[in-house]
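Now for the letters of each chain:
Protein chains: 2
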Amino acid sequence: MTNQPVILVTNDDGITAPGIRALIDAVKDFGKVIVVAPDKPQSAQGHAMTLNLPLRLRKVNIFGDIEAYECSGTPVDCVKLAKDVVLENRAADLCVSGVNHGSNASINIIYSGTVSAAMEASLEGINSIGFSLLDFAYNADFEPCKKYIRHLVRYVLDHGLQKTKLLNVNIPKLPESEIKGIKICRQANGKWVEEFVRAKDPHGRDYYWLTGEFTNPDQGTDTDIWALENGYVSVVPSQHDLTAYDALEELRGADLTY
Amino acid sequence: MTNQPVILVTNDDGITAPGIRALIDAVKDFGKVIVVAPDKPQSAQGHAMTLNLPLRLRKVNIFGDIEAYECSGTPVDCVKLAKDVVLENRAADLCVSGVNHGSNASINIIYSGTVSAAMEASLEGINSIGFSLLDFAYNADFEPCKKYIRHLVRYVLDHGLQKTKLLNVNIPKLPESEIKGIKICRQANGKWVEEFVRAKDPHGRDYYWLTGEFTNPDQGTDTDIWALENGYVSVVPSQHDLTAYDALEELRGADLTY
Numbered sequence: 541m542t543n544q545p546v547i548l549v550t551n552d553d554g555i556t557a558p559g560i561r562a563l564i565d566a567v568k569d570f571g572k573v574i575v576v577a578p579d580k581p582q583s584a585q586g587h588a589m590t591l592n593l594p595l596r597l598r599k600v601n602i603f604g605d606i607e608a609y610e611c612s613g614t615p616v617d618c619v620k621l622a623k624d625v626v627l628e629n630r631a632a633d634l635c636v637s638g639v640n641h642g643s644n645a646s647i648n649i650i651y652s653g654t655v656s657a658a659m660e661a662s663l664e665g666i667n668s669i670g671f672s673l674l675d676f677a678y679n680a681d682f683e684p685c686k687k688y689i690r691h692l693v694r695y696v697l698d699h700g701l702q703k704t705k706l707l708n709v710n711i712p713k714l715p716e717s718e719i720k721g722i723k724i725c726r727q728a729n730g731k732w733v734e735e736f737v738r739a740k741d742p743h744g745r746d747y748y749w750l751t752g753e754f755t756n757p758d759q760g761t762d763t764d765i766w767a768l769e770n771g772y773v774s775v776v777p778s779q780h781d782l783t784a785y786d787a788l789e790e791l792r793g794a795d796l797t798y
Numbered sequence: 541m542t543n544q545p546v547i548l549v550t551n552d553d554g555i556t557a558p559g560i561r562a563l564i565d566a567v568k569d570f571g572k573v574i575v576v577a578p579d580k581p582q583s584a585q586g587h588a589m590t591l592n593l594p595l596r597l598r599k600v601n602i603f604g605d606i607e608a609y610e611c612s613g614t615p616v617d618c619v620k621l622a623k624d625v626v627l628e629n630r631a632a633d634l635c636v637s638g639v640n641h642g643s644n645a646s647i648n649i650i651y652s653g654t655v656s657a658a659m660e661a662s663l664e665g666i667n668s669i670g671f672s673l674l675d676f677a678y679n680a681d682f683e684p685c686k687k688y689i690r691h692l693v694r695y696v697l698d699h700g701l702q703k704t705k706l707l708n709v710n711i712p713k714l715p716e717s718e719i720k721g722i723k724i725c726r727q728a729n730g731k732w733v734e735e736f737v738r739a740k741d742p743h744g745r746d747y748y749w750l751t752g753e754f755t756n757p758d759q760g761t762d763t764d765i766w767a768l769e770n771g772y773v774s775v776v777p778s779q780h781d782l783t784a785y786d787a788l789e790e791l792r793g794a795d796l797t798y
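Chains A and B supply the protein sequences, listed in that same order.
Going letter by letter, the first sequence gives residues 541 to 798 in the working numbering.
Going letter by letter, the second sequence gives residues 541 to 798 in the working numbering.
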């Protein structure tokens with residue numbers, strides 16, 4: 541083989557989703573692309589992984605000459621299998637996940653299989669980017685994404701990421717001519733307001749089905765939601781350290797340490 | 541009803557796990573306890589939630605006079621259903637999750653259904669605590685945990701949590717007399733080194749099964765892993781904002797914003 545970078549591609553919408561095809565198309569000229577993605581949709585799987593069941597991994601031929609595998613597990617499982625089995629513990633130079641059909645901005649990051657897959661790769665020290673388009677439609681137009689995907693991948697391959705290895709990138713649903721550029725942002729402090737639809741199944745038993753609406757009380761102009769609402773691609777450097785550092789002193793002063 | 545606090549109890553090991561019974565026993569004198577927990581084990585589900593399937597919720601009578609429901613979904617689903625359906629949008633005063641059979645210290649927090657359930661409640665502004673015992677055994681001894689659970693629950697009910705609404709609490713596998721107290725910690729920067737066992741199923745097809753070993757290169761004495769290895773209960777104030785703030789300047793200076 542050559543010295544070209546190895547780029548691991550995964551997603552959470554499943555290996556047949558149009559979004560991953562667009563992502564492969566955007567990055568394939570930058571190096572050797574290897575795809576390991578779920579064999580079915582795995583949206584909202586967060587950082588779930590499979591401990592109590594065996595996993596399947598099958599080589600598939602659906603992206604021309606691109607080496608690709610479908611996996612029976614979650615997005616995080618895909619990254620673990622890619623590293624251990626497909627790459628035989630060689631580290632990829634970059635992991636890109638997506639392009640997700642739908643937003644992973646703000647609080648969506650914690651539910652997102654797309655970003656969790658990228659985070660899993662970042663734990664291995666691999667520069668990783670989750671890409672999402674703010675369009676849930678199966679036939680969403682991913683063309684405007686490609687310019688920004690290429691720009692960010694080029695930057696990361698050339699410069700690396702120093703302080704964190706994970707970027708959460710969201711792209712507004714706009715024609716390319718209306719996207720104003722890229723903003724580096726913090727995660728907006730938004731949340732979902734949920735309501736369960738209650739109904740009866742054909743056997744007369746109650747069921748509940750989750751619905752919800754995203755709300756963002758965060759008025760900051762430095763957030764991913766602000767950027768997206770104002771026509772920018774949002775880039776949030778993200779991390780796996782969940783420590784609330786500013787709460788450490790509060791609790792240390794609280795005489796909790798009995 | 542009275543003014544006693546409403547305490548929501550959940551877990552990820554399932555409603556029949558001994559750990560949740562121990563947790564209920566520890567907290568039941570502090571208020572009105574309502575249990576909504578998965579009807580089967582849901583370990584390592586992270587922040588997964590169920591969008592594409594209906595959920596079931598069944599009232600069960602397995603904890604004496606404690607109101608309890610089993611749910612067909614993930615730990616996060618349980619918290620959402622508890623809020624919307626069981627509590628009819630009244631906010632609980634406290635959510636406790638666990639006691640998990642096994643550690644959720646360090647990086648385990650991101651895979652943990654136990655802590656993700658507590659985080660989900662914290663998103664609603666509810667003070668929330670995930671409890672875990674460093675013992676995977678079904679017949680683990682949860683008695684030494686109860687003193688610390690009560691101490692922390694008493695503190696949170698009396699004082700609230702100000703800077704963050706989520707605590708990740710891990711308890712060492714030690715007799716009560718050997719536990720030295722409580723340490724307020726940051727999340728250790730450890731990770732899993734994984735290996736997949738490859739084998740053939742009875743039909744001759746390959747499968748892969750995840751195994752792994754936790755490693756902690758983080759030498760800090762202010763981490764949860766250090767506390768646990770030195771006989772302390774670890775308390776990590778935790779948050780859902782994953783922004784890597786110290787990487788914002790690096791990227792803003794990088795001329796990425798074209």
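Rather than coming from a laboratory, the hints here were simulated on the basis of the structure.
There may be inaccurate statements among the hints.
You can't tell identical chains apart in this list, so a pair holds if it fits in one copy or across any two.
[Said to hold, decoys possible] Subject to a maximum C-alpha distance of 20 Å in a straight line, what follows is the list of computed PhoX-like cross-link-like pairs (lysine-lysine):
#1 K687 - K580
#2 K731 - K703
#3 K740 - K720
#4 K713 - K740
#5 K599 - K740
Outcome of the hint check:
1. In this assembly of identical chains, the alpha carbons of K687 and K580 never lie at most 20 Å apart, being 28 Å within a copy and 45 Å across copies at closest.
2. Proximity of K731 and K703 under a CA criterion of 20 Å is satisfied inter-copy only: 18 Å between copies versus 27 Å inside one chain copy.
3. Proximity of K740 to K720 under the C-alpha cut-off of 20 Å is found in neither arrangement, the shortest distances being 47 Å within a copy and 53 Å between copies.
4. In this assembly of identical chains, the alpha carbons of K713 and K740 never lie at most 20 Å apart, being 36 Å within a copy and 45 Å across copies at closest.
5. In this assembly of identical chains, K599 and K740 lie within 20 Å of each other by CA distance solely across copies; the values are 17 Å between and 41 Å within a copy.
Violated hints, in rising order: 1, 3 and 4; the structure is consistent with all others.
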